[in-house]
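Enquirer: So you can see what is in the structure, the chains are spelled out below.
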Amino acid sequence: MAEYTTANSLPPGIAERLRGHRVTRSMRRRSRVFTDTTDFTAIDYGDVIVVDERYFLVVAYTKEGRFGVDEQIKPWVPKVEELATGEKKILKLVFHETFDITLGPFTIPCYRHPEKEARVLELVRGHSHFMQGEAALDGAGNLVRILDIINGSRLDKFIHRSGAPLEEYFHHELPAILTQFLECLQAISFLHSHGFRHGDIRRDHILVERGSGLYRWIDFDYDFYLPERPFALDLYELGNILMYLTVRGNFYPRDIAADPALGRRVLDTIGPGDYSLLSKNRIVNLKKLFPFIPMELNNIFLHFSQGTEVFYETVDELHDDLAAALATMDHGDTGGGR
Amino acid sequence: MNDWKRILIAVDNTPTSRKAIRYAANIIGRLEEARIHLLHIYPEPPPGYYSSGRSLDDYVEEKDREGGDIFADAVLTLQEAGITEQTITTECRMAEHRTISQTILAVQKEGRYGTIVVGKRGVSKAEEFLFGSISNALLHHGRDVAIWVVG
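Protein chains in written order, with numbering that gives the first Met the number 0: chain A, 0 to 337; chain B, 0 to 150.
What the hints contain is simulated information worked out from the structure, not anything from laboratory work.
Take the hints with a grain of salt, since some may be wrong.
Straight-line alpha carbon distances no greater than 30 Å define the calculated DSBU-like cross-link-like pairs of lysine-lysine that follow [said to hold, decoys possible]:
(1) A:K279 <-> B:K4
(2) A:K115 <-> B:K62
(3) A:K62 <-> A:K78
Per the computed footprint, the stretches of chain A lying under chain B, defined by three or more beta-carbons under 8 Å from a beta-carbon of chain B, are [to be verified]:
(4) 100-106
(5) 166-180
(6) 230-240
Quick reminder that beta carbons are idealized off the backbone N, C-alpha and C, glycines included.
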């Protein structure tokens, strides 16, 4: 059972702000004050978390959905308001979790690593392509991360906003998107050069900041165990995002068969080497589906195919190839297949 | 170029490693003045290792013990090929903040070994991408050294 105190334990100014807050005014119970976040499931809406003599009122919880799965509340990631300043923040409480992820026939040991996220936050302080925040210990020594909120939208939703047909999107919207994505690649290269992995690269882990339009990486607390190829999974996921951005989706045989513009005629041209290296059913030789994709860009995708003879060793290699491909995109290369 | 008769054999407990040792033993056994360094490199502890209450010392001890067994087996194979124990040294080391292949190359450089012997597993492209191939990494990044890859 988690221990807590009442609001009487708060400094008078903070207690007064708590009493007058819209959240507590609407509550039927009294707020509790937690200095120990070990049992984060005991903490609820309207409670106060104390970290490093700062007082955070829980006003909501973050949610996360795996693609195709309903969003689920993350009780270890409350949205809070700092009572002294009124500033909105996100707290990330310590949640140790070790699990295996499956990629094709392989399993990779993954784990949450609060210390790593704290160190990354320190490393990227002031870097415009990463979320910002700091880490502090609660009363029980748990490393709580106090994160600034990024006001913006998920990149994977942002790219669908215009609703333009794919080819129009490709020619008129994608170059600007890839220009920003290049900076995201440089940001990950920066992490790798300091020995850190992002650990959970996904298309919804880049937020497009409203106003500035900056693309910013979020969520660094996952890590994985690949001793000989420590950055391989980050690289693979960067390739996946790049392909998703290019054609606004992932393509599987059933999608192609069902699409009147593609159908069996195109599906019959797809060979084993055109599929993803690790997601065996996903097509990465996208030029066979969409001939308007320039060869230079498609060649990047093929580095992630079963047919590849060479892999990217570093994010810089991927970055440089994408920069070169982007330079050709204005020319509207519509050349043949592989 | 370092002296090629200063030979570093990277070993582990796989059949391909034992095959590489037998192959190297047959060649080195005919040489004069060869010096052999058996090297076993192991990765840092996996996630969750410490949460089971074990320490880094426990891990190193466990890996050193495994390394000792691997060396005993390898020394026997080398002796059977006529190589004297006095010409063989052993080293067991954790790959700290480095990959296994980077650590092998660091030892090679430190010890000025002119030859590296390593076994090659047959791995798929996908396996190589995710988990790496030590022999390929050595071939790719090795400098001033002959590399014998035994498949």
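Enquirer: Hints broken by the structure, by number, lowest first?
Expert: Of the numbered hints given earlier, those the structure breaks are 1 and 5, listed in rising order.
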